[in-house]
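A.B. asks: Next come the chains, spelled out residue by residue.
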Amino acid sequence: MNPAVPTWAGVAASVALVVLSVAVAWQQRLHLAREIAIAAVRAGAQLVAVGAILLLVFRHTGLAGASGWLAVMVLIAGRVAARRAAGLPRALPIATAAAAAGTAATLGTLLALGVIATQARVVIPVGGMVVSGAMQATALVLVRLRDEVRSARPAIEARLALGLPAADAFAPHLRSTLRTALIPAIDSTKTVGLISLPGAMTGLILAGVDPLTAIRYQIVVMYMLLAAAALAALTAARLTERALFDDAHRLRPLTAQPQEARR
Amino acid sequence: MLLTDHVLDDLRVGRPDLDDDRAAELLERVGLPAAMITRSTAGLSGGEAQRVCLARALAVGPEVLLLDEPTSALDPASARAVEVTVRDLVTAGMAVVLVSHNRPQARRIADRVLVLSEGRLVASGPADQIAYLKEGV
Numbered sequence: 155m156n157p158a159v160p161t162w163a164g165v166a167a168s169v170a171l172v173v174l175s176v177a178v179a180w181q182q183r184l185h186l187a188r189e190i191a192i193a194a195v196r197a198g199a200q201l202v203a204v205g206a207i208l209l210l211v212f213r214h215t216g217l218a219g220a221s222g223w224l225a226v227m228v229l230i231a232g233r234v235a236a237r238r239a240a241g242l243p244r245a246l247p248i249a250t251a252a253a254a255a256g257t258a259a260t261l262g263t264l265l266a267l268g269v270i271a272t273q274a275r276v277v278i279p280v281g282g283m284v285v286s287g288a289m290q291a292t293a294l295v296l297v298r299l300r301d302e303v304r305s306a307r308p309a310i311e312a313r314l315a316l317g318l319p320a321a322d323a324f325a326p327h328l329r330s331t332l333r334t335a336l337i338p339a340i341d342s343t344k345t346v347g348l349i350s351l352p353g354a355m356t357g358l359i360l361a362g363v364d365p366l367t368a369i370r371y372q373i374v375v376m377y378m379l380l381a382a383a384a385l386a387a388l389t390a391a392r393l394t395e396r397a398l399f400d401d402a403h404r405l406r407p408l409t410a411q412p413q414e415a416r417r
Numbered sequence: 014m015l016l017t018d019h020v021l022d023d024l025r026v027g028r029p030d031l032d033d034d035r036a037a038e039l040l041e042r043v044g045l046p047a048a049m050i051t052r053s054t055a056g057l058s059g060g061e062a063q064r065v066c067l068a069r070a071l072a073v074g075p076e077v078l079l080l081d082e083p084t085s086a087l088d089p090a091s092a093r094a095v096e097v098t099v100r101d102l103v104t105a106g107m108a109v110v111l112v113s114h115n116r117p118q119a120r121r122i123a124d125r126v127l128v129l130s131e132g133r134l135v136a137s138g139p140a141d142q143i144a145y146l147k148e149g150v
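So the protein sequences, as listed, match chains A and B. 155 is the number of the first residue of the first sequence in our numbering; add one for each residue after it. 14 is the number of the first residue of the second sequence in our numbering; add one for each residue after it.
Any given hint could turn out to be false.
[What the hints assert, rightly or not] Derived DEER-like restraints, expressed as beta-carbon distance ranges:
#1 A:Thr409 with B:Arg133: 44 to 54 Å
#2 A:Ile373 with B:Asp81: 38 to 48 Å
#3 A:Val374 with B:Glu82: 52 to 62 Å
#4 B:Asp81 with A:Ile340: 38 to 48 Å
Since the hints were made in silico from the structure, they are not lab data. This one's a predicted model, so the numbers in the text were calculated from it and none came from an experiment. Heads up, the beta-carbon is just placed ideally off N, CA and C, and yes, glycines get one too.
Bound conformation, chain A alone:
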């Protein structure tokens, strides 16, 4: 066993830190002691469960199990992103398709080029990063497009009235949406190592890999997150555009109001 990784006894000892947090909350009367304790127990239980399932998948199901795991992650990502965009037509299938497209293209390229190994223990964690990057970009695109259609409907309809086809009438809004949705991915790529401490690299260094090897992984991760965000955003934007206009190039009314607007 790698001496850099804590033993179970070590994990038990780290509970002292939770006790410390609870003590601070209690002493300062923050009414958070209970919540902190529950959160700590929950984190422990969740991670033990995930660890056990991963062990099962790695040992017994191989790549097929990994693909299944990825599919479940994509479905969850689609749900989470779609929920942000209540009011947009067909938000759930669009968000799911966008997360799937971003993940499949990015991960597929890495596997096809032999950049990462076709093993469950590689595909699952790397896939997880890709899915979450794709999810973030998808959610941003959907939210922005919904707000854009709400606020800019008169401008879009004015362009349609001048005879522009739906795609042209919507183009300025689509472009500004895509620009905004890609900002987080671009900025985190720019500042990697300066502000953000990359997880993959940290993990490898903790596991005993030397830093110059660890950064190779991190570089691939950053590039793949950029691609996942870009592809997911583009897919989400194009599919949403199609859902927003009917065959006669009319801008559809948005469906149910989102939670914030109802209040």
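Using the hints, position chain B against chain A.
C.D. replies: Just chain B now, with coordinates in the frame of chain A:
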């Protein structure tokens, strides 16, 4: 509803190949000075903006103009300027269908009037023969 930052760009939304001369001509057709093609849209009054919109619609060479309450957001002087422009277009041969809640306006500029009440057609004919227009203000 102006769509861009410059008058000329706005005129080109539906007609990207519109040249400067034709743009100036369109502005004159809606009663605006030709020199306005160089202006930014930011400083336009409500009436000027609405007439730029009319010119923008004319740029695509429509056979019919559909105007839905074109003066509802304008002050009386601007509204009159738009009315005069619409009337001039009609005189020049343009077919215009204009929706209005303003009876005096309909009296002033319409040739034929259709009166709709709760989604039903209740009267139609030449403007000077529609009793509904004579009643109200």
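A.B. asks: Going back to the hint list, which numbers does this structure go against?
C.D. replies: 1 and 2
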